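Full structure from sequences and hints, please.
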Amino acid sequence: MATLLELRNVTKSFGAVRALRGVSFALEEGEVHALLGENGAGKSTLIKVITGAYALDDGEIQIGGQSVSHLTPARARALGIACIYQQPALFPDLSVAENIALRLEKTSPLHTVGWAARRTRARELLHRIGAEIDPAAEVRTLSMPEQQLVEIACALGAGAHVVIMDEPTASLTQKEQHLLFAVVRDLRAHGVGVIYISHRLEEIFALADRVTVLRDGESVGTNPVDEINESALIKMMVGREVTAIYPPAQSAPGASRLTLKKVGCSQSGVHGIDLELRAGEIVGMAGLVGAGRTELARILFGLTPADTGEIQLGGQAVQITDPRSAIAHGIAYVPEDRRRHGVILEMPIAANTTMAIHAQIFPGTWLRSTAERQLTLDFIRDLGVKTAGPQAPGGSLSGGNQQKIALARWLATKPKVLILDEPTQGVDVGAKSEIYKIIRHLAAEGLAVLMISSDLPEVLGMSDRVLVMRGGTIVAEFPHGVDAHDVMAAALGQKKEAA
Amino acid sequence: MQKYSRELSVAIVLALLLLVMAVAAPAFYDPQPLLSRLAREAPTLIVACGVALVMVAREIDISIGSIFALCGVCAGLLAGSGWPLIAVFGAVVVLGAVLGAMNGALVAGLRLPSIVVTLATMVILREGLRWKQQGAFINLPDAWQWFGLSQRGGQWALIAGALIILAVLAWASRHLAGGRFLYAVGSNAEAARLAGLRPRWITLAVFVFMGALAGLAALLNVVQSPQVDPKSGTGLELKAIAAAVVGGVAVSGGRGNLWGVFVGVLLLACINPALTYLHVEAYWEKAIQGAIILLAVIFDGLRNRRATN
Chain A
1 MATLLELRNV TKSFGAVRAL RGVSFALEEG EVHALLGENG AGKSTLIKVI TGAYALDDGE
61 IQIGGQSVSH LTPARARALG IACIYQQPAL FPDLSVAENI ALRLEKTSPL HTVGWAARRT
121 RARELLHRIG AEIDPAAEVR TLSMPEQQLV EIACALGAGA HVVIMDEPTA SLTQKEQHLL
181 FAVVRDLRAH GVGVIYISHR LEEIFALADR VTVLRDGESV GTNPVDEINE SALIKMMVGR
241 EVTAIYPPAQ SAPGASRLTL KKVGCSQSGV HGIDLELRAG EIVGMAGLVG AGRTELARIL
301 FGLTPADTGE IQLGGQAVQI TDPRSAIAHG IAYVPEDRRR HGVILEMPIA ANTTMAIHAQ
361 IFPGTWLRST AERQLTLDFI RDLGVKTAGP QAPGGSLSGG NQQKIALARW LATKPKVLIL
421 DEPTQGVDVG AKSEIYKIIR HLAAEGLAVL MISSDLPEVL GMSDRVLVMR GGTIVAEFPH
481 GVDAHDVMAA ALGQKKEAA
Chain F
1 MQKYSRELSV AIVLALLLLV MAVAAPAFYD PQPLLSRLAR EAPTLIVACG VALVMVAREI
61 DISIGSIFAL CGVCAGLLAG SGWPLIAVFG AVVVLGAVLG AMNGALVAGL RLPSIVVTLA
121 TMVILREGLR WKQQGAFINL PDAWQWFGLS QRGGQWALIA GALIILAVLA WASRHLAGGR
181 FLYAVGSNAE AARLAGLRPR WITLAVFVFM GALAGLAALL NVVQSPQVDP KSGTGLELKA
241 IAAAVVGGVA VSGGRGNLWG VFVGVLLLAC INPALTYLHV EAYWEKAIQG AIILLAVIFD
301 GLRNRRATN
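Sequence lines, in order, name chains A and F.
When we follow full-length UniProt numbering, the leftmost residue of the first sequence carries the number 1, and every step to the right adds one.
When we follow full-length UniProt numbering, the leftmost residue of the second sequence carries the number 1, and every step to the right adds one.
Honestly, the hints are just simulated from the structure, not real lab data.
Only a predicted model underlies this, so the values are computations on that prediction, with no experimental measurement involved.
Note that the Cβ used here is the ideal one computed from N, Cα and C, for glycine as well.
Please note that a few of the clues may not be correct.
[Said to hold, decoys possible] Using C-beta positions, here's what the derived DEER-type ranges look like:
id : chain 1 : residue 1 : chain 2 : residue 2 : range
1  : F       : 178       : A       : 158       : 53 to 61 Å
2  : A       : 92        : F       : 134       : 46 to 54 Å
3  : A       : 316       : F       : 235       : 55 to 63 Å
4  : A       : 388       : F       : 87        : 47 to 55 Å
5  : F       : 134       : A       : 337       : 54 to 62 Å
6  : A       : 374       : F       : 148       : 45 to 53 Å
7  : F       : 201       : A       : 337       : 23 to 31 Å
8  : F       : 190       : A       : 136       : 33 to 41 Å
9  : A       : 92        : F       : 235       : 33 to 41 Å
10 : F       : 190       : A       : 102       : 32 to 40 Å
11 : A       : 395       : F       : 298       : 16 to 24 Å
12 : A       : 428       : F       : 290       : 29 to 37 Å
Below, the structure written as structure tokens:
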């Protein structure tokens, strides 16, 4: 068997962040090779290096035994590499045949269109992968898996030897999955190499020949699937030391602040949430991307109000219908994407800080500028924000300092419950440990903190309790000091007994 | 100071132009024509302030010329049927606000793009007015012109009134909650919503306010002549938007300052008389105004590119 694709010691950095640190990887002819790793382990970067979207800093790529330098997306396509993304990138208003033609047809000298040939070709390609799709159908009328099949047809039509699938089953039903698996197996039988990315371990064991685990931008190991079990894979994914930058808990949790009983929201796919947050407690929320953690936060903050169950604050049942009612009830939410949702970059730090307390800062009539300035200066001092002053625009701050201002805005509302969504994403190590200290200090002052994070060591280090979400609901709860392995196993949906 | 560099650079251009006029054509500063010119720009200034606030909230309103005309005609009709000045004043401001609310409800309530909504209302109101008036002018009672003052006194009153409104709005946009909300919603509506603001109500409010200002401007226009022209305000929306853009208001929302708009209105208003006094053919007026707008936008584009790099 020939090697279709080989990466040797591939390195890629973004600024100070080393996304890939000397990864080696090989894909054989007629092989399904699974790629596994936590959020941020380097899977996406690796894929983008292979498809030519990112130039690598160091290392070598061989395609079909030939060393390739300066790989571009066009070059990668010409060399037979195709990638099928979770969200197919098709033109919704064009027909299936036109979409396939756009990828595959070369322009004729007069830019004429051979409609009959175009349709025949589309039909042939779709037939080859056993898809029953009308080439004349508009893409917008197709289901998600059908669109993926069109993508695969394009890949085949382009003569791809290497097909990359990025979480292809994330939005598929059971039946659709089986159809997709059959197509993947058929590709393998025809000698195509498939790189298969998925968080679902059972799929990997059902479909893949070999599996490579990435962690922190490094390849931890490659094994044939019949020589490894789920537990060993999880160990490979999480085997990281928890560093001691996390301040310890200072007091026992107090009275109940927030209680959820069977809360759900059909719109965002969250269901059956039972949860209790107590004063002075940090509850960590782990889970994979798409598990429903941010969606739960948006329910609590009234962005997508709950349609079932009961929310209690301090023992009182409440209705949270929009952010204003959430704020009025003492809930604060520091959102995940701070540049888009957190800090208003064009506005001064002072205005950002008082954005959620305008009733106090504009009491009835005009702005109390001295009060605003003083409040902002206090937060700048207390949270250690590095800035030119209260009138500097939010966009002039570094990521960590922006996050502190986003935090300050909510602390100014004097909340009882603080929801943090990925509080240290894109923040440098120094600012991280400062933010941890602030969060711990806030909890010690009696705030109930719900911290959503994809950074597993962070969740384990900071939380008094760890909850794990999967498929829109809470599937496990662990005390402080839990093993990373158990949390990851729960997030991946592995059965408890097998752990 | 760096924060206001954009406004200052326009002010410098205006100052240079005024200096050139002082040297090359001192007649430009003859008091009576100068006063008349400034008084004629008073309604434009008020409308430009309104549309600047709409643009700060990341919306646009091109129906203001039509609202202006409709309010003017109404003022004329009411005055003709013997309403006192103060009642007419209240009525046209309310009428403008109602018409603005119509725009605002469509934009904020149904989330339609404001350019399309106000394009439609611009045409509907303008054509409705033409059907009703058939182009006929409306005579005003004698006591109405210049608020019953002398021409000179009336002109001073108009200019003072417009400047007071400008100063109040400029102050309010920085020191009242409503002003802060406009900037927040125009910069980042989703972030504002997550901070507990209500972007859709704020959008509605700014359109209502715009309409009320258009009504007020119409009144300040009506008193300047013995008759009301039902075609008045044609092209006013473009003039106002141009002044706002030249004055540093970003079409993309969240940025702008009403004092900058003031400078923008003055600069664009100077072009035509300057050409006349310099004995250049007046055909060039529009081309020069266009060039100034283009320069302002290019300046902003370069500035933004530097900021993101």
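Now the hints, each set against the structure:
1. F:178 - A:158: 53 to 61 Å: Holds: the Cβ-Cβ distance is about 57 Å, inside 53 to 61 Å.
2. A:92 - F:134: 46 to 54 Å: 49 Å, holds
3. A:316 - F:235: 55 to 63 Å: 59 Å, holds
4. A:388 - F:87: 47 to 55 Å: 53 Å, holds
5. F:134 - A:337: 54 to 62 Å: 57 Å, holds
6. A:374 - F:148: 45 to 53 Å: The hinted range 45 to 53 Å holds for residue 374 (chain A) and residue 148 (chain F), with Cβ atoms some 51 Å apart.
7. F:201 - A:337: 23 to 31 Å: 24 Å, holds
8. F:190 - A:136: 33 to 41 Å: Roughly 39 Å apart at Cβ, these two residues keep to the hinted range, so it holds.
9. A:92 - F:235: 33 to 41 Å: Since residue 92 (chain A) and residue 235 (chain F) have Cβ atoms about 40 Å apart, the given range 33 to 41 Å holds.
10. F:190 - A:102: 32 to 40 Å: 33 Å, holds
11. A:395 - F:298: 16 to 24 Å: Since the Cβ atoms of residue 395 (chain A) and residue 298 (chain F) sit about 22 Å apart, the hinted range of 16 to 24 Å holds.
12. A:428 - F:290: 29 to 37 Å: Violated, since residue 428 (chain A) and residue 290 (chain F) (Cβ atoms, about 48 Å apart) do not stay within the stated range.
Against the hints set out earlier in the document, a violation occurs for number 12 only.
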